Amino acid sequence: MGFLLYVALPLAVLTGLAWTVRRIVARTSQGRFGAAFRAMPMTAAFGLTVVSIYVIGALCAPVLAPYGESQVFDEFNLFPGENPAFVLGTDQLGRDQLTRLLYGGRNTIGIAFITTMLAFLLGATLGFLAATLGGWLDQALSRAIDVLMAIPQLIFALLLITILGQSTLNMILVIAVLDSTRVFRLARAVGGTIIVMDYIEAARLRGEGLGYLIFREILPNAAAPLLAEFGLRFCFVFLLIAALSFLGIGIQPPLADWGTMVRELSIYIAYAEYGDWQAASLPLLPASAIALLTVAVNFVVDWMLDRHSGLKS
Amino acid sequence: MDVMTDGNTLLTIRDLRIEGLSGEAWLPIINGVSLHLDRGEVLGLIGESGAGKSTLGLAGMGFTRDGCRITSGSISFDGIDLVSASPERKRSLLGRRIAYVAQSAAASFNPAHRLIDQHTEGPVLHGVSSREDSREDARSLYDRLRLPDPGNIGFRYPHQVSGGQLQRAMTAMAMSCRPDLIVFDEPTTALDVTTQIEVLAAIRDIVEQFGTAAIYITHDLAVVAQMADRIKVLLNGDEVEENDTRTMLSHPAEPYTRSLWAVRSFRRPEQAPAPAGTVPVISIRGVTAGYGADIDVLHDVSFDIHTGRTVAVVGESGSGKSTVARCITGLLPPRQGEVRFDDEVLPPGYRHRTRDQLRQVQMIYQMADTALNPKLRVRDIVGRPVQFYRGYRGTRLLERVEELLSQIELDPGQFINRLPSELSGGQKQRIGIARALAAEPRFIICDEVTSALDQLVAEGILKLLDRLQRELNLSYMFITHDLATVRAIADEVVVMKDGHVIELGAKTDMFSPPHHAYTDLLLSSVPEMDPDWLDRLLAQRGRNNIGEAARLGIDRAAHRQSTL
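Line by line, the protein sequences give chains R and S. Counting from 0, one number per residue, gives the positions in the first sequence under numbering that gives the first Met the number 0. Counting from 0, one number per residue, gives the positions in the second sequence under numbering that gives the first Met the number 0.
A hint or two may mislead.
[Unchecked claim] Here are the computed distance ranges between Cβ atoms for each label pair:
{"no.": "1", "chain 1": "R", "residue 1": "139", "chain 2": "S", "residue 2": "258", "range": "58 to 66 angstroms"}
{"no.": "2", "chain 1": "S", "residue 1": "450", "chain 2": "R", "residue 2": "172", "range": "47 to 55 angstroms"}
{"no.": "3", "chain 1": "S", "residue 1": "332", "chain 2": "R", "residue 2": "142", "range": "21 to 29 angstroms"}
{"no.": "4", "chain 1": "S", "residue 1": "107", "chain 2": "R", "residue 2": "142", "range": "34 to 42 angstroms"}
{"no.": "5", "chain 1": "R", "residue 1": "251", "chain 2": "S", "residue 2": "111", "range": "52 to 60 angstroms"}
{"no.": "6", "chain 1": "R", "residue 1": "192", "chain 2": "S", "residue 2": "91", "range": "21 to 29 angstroms"}
[Said to hold, decoys possible] Covered stretches of chain S, as calculated for chain R (at least 3 residues, CB under 8 angstroms):
{"no.": "7", "region": "205-213"}
{"no.": "8", "region": "323-333"}
{"no.": "9", "region": "366-373"}
[Stated by the list, open to error] Sample of chain R residues facing chain S (criterion: CB under 7 angstroms; computed from the structure):
{"no.": "10", "residue": "206"}
{"no.": "11", "residue": "209"}
{"no.": "12", "residue": "219"}
Source of the hints: derived by calculation from the structure; they are not laboratory data. Computed from a prediction, not measured in an experiment: that's the story for all the values here. Glycine is no exception: its CB is placed at the ideal position from the N, C-alpha and C atoms.
Construct the entire structure; sequences and hints are all you get.
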């Protein structure tokens, strides 16, 4: 019952929606840009639709949510459907689940996006610098990054946040630095294949500066793989934040977020023992929200990678 | 089976159509070409890139590349219909009765296995002979192909033998099952002229000895004249004409064939040498340079380039000609010696040169694909040097870019907003020239600028460079291994070998004897459009005095001279 309600039904609705979106896009899009969209596979349409819904939900949470983010009501621990005023029920403190879910998405997605941006800014800049300049700078950066990558990410993040103190800003900085190591590796490798091209040599011999080389000559050619990597890294950052929140040192109350919601609702899993599947499946609500976004982003990234590499399936 | 099989016919292709997938559409590659090949006959397929010669050659094996399909027509090999044959049937033929020799032997051999182990794979797999017999046979084939030390060379790995030897080892491998048909796909295109000649001689010998039929694919007319009994000319997937080699060379029927035959006729009148005492634009003085800590690639290289003159630097791969260019541009600071511009010493590294010094020396590259940033439009590629050196902006910049595009004979309205991927090979090379001109230099280095282009297109580029030189009083350094290009455009020639300048002088002196033994070898190794050229040369020089053997002979002679 819960499975049908929370998993099968939304998936069916979303797939239908994605199909409709694809039809509409196919009819309205024009030109070269449109051709890419017209030829997009169903998975990409599904991914794009889901991601758009999440983005709209996150941006418009204050408008869409029926109540305030941490508004508390008398009726706590309500199951979905018990009270028409609270469609998805309330939590143990009496906060509306639907509201928490919307705001949770806003916080988790927003923070994950900012963190990933920071990681890319840091990682790509250093990676391109290492590729362009080479020599001792490349060696020093690469070995330092190797050391950082040698330590398991989640444990290292736990350690650093504990040392630096729990705050959203610290969490963003720690994850951004840890994640930028992988971006550095990619940017350095991609930059390395571009830097040997004759057009870079021509620009160097013209006397161009480092900034022009990196931003005008290298970056446009590295954009496609970096963009695809951005999608993947965003998923990992998003999952890491949810995991840290689940462990209690991520996003802090009263801010809503999906990781914390999974933890708080996880006590209901015990109801499965007594055959109360509706209660037991409650944690699936925020968990499937996380899973769905991850899958959707990966669909979009796959499509972009396919287009970039020019592979025909 | 509707194909008639008389005893002498080996391969018949009738009205073959092949399409290739491009984006979402199937575009025709071969539009109904027929082909006939008798046993023991060699058919030359020639045409420019995109003519479909490789596709047709592979179709003769019943094979199409990924993304290609045969839409109609028949391919009959010795009575077997290859279009409808099952993959198993084809597999039993390939390697056994039909073999293939690819352009790049270095990329086609597995680097992890010894040559002889790769050689014996086919015969053992097809059950033609045992591994031991096949090894014995490999040795005798290596001997016939004049590979050095035929008894042991098979035990080397591909990287341990030279490019020409590898190409011959590949021909031996194709012969291992004594096939009825071998398809040669540009087997000597990647080789130096002196190496090419030994591979050509070896291939022709072995094909004659075993009576093997062959399809020889090439874009080089002079090569096909030596190799083929009959020549078929292709253009954009259509057959232009076919005839036996001698008739084809002496009396081409179609205008297109005649135009192919006529290229290389462009000959710029040689300019008189600059009067003594004039200051050269670029003067290279005693340059010694190298990449590692102690290995020198250039040894005491000196020559001058005067205003409005073209100096061709000639040599085989590894002779150091590109390294000279790197020393001039400052990418590789020389260990000793100096480069002077207008009698003024240039700082050795490009980072220490002034903007004006950098502006005066420009480069045009061999591979236009990697020389243009694929993400920038023509207006930015050509406009950036103008903006960078002149500081032009807005309409002034646009006007200058349009002027430059007109100078290289491309319509600005049509090309200014294109990406490099929307240009043909020749157009890309023209944009490369425009970028060099945009800096308003006095000296341009042309690094093998025509070797990646079809001959007709290359000719257009050479004419353009010549016109620009006259209009703008430019000086060129022309790096090339192609002596036909040298003949067409050079005023002076510098011959390089192993990092040394072997000989230098005016073009007319260089092309008339007597000259240095190496120059002589280089010049005589360039194939001519005469079907008897190879025979004559082999008779003249002797079979064992071509290619590598001849080079070693020159080295030995030089050594004797220096020790005396």
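Would you list, in rising numerical order, the hints stated earlier that this structure does not obey? Violated: hints 6, 7, 11.
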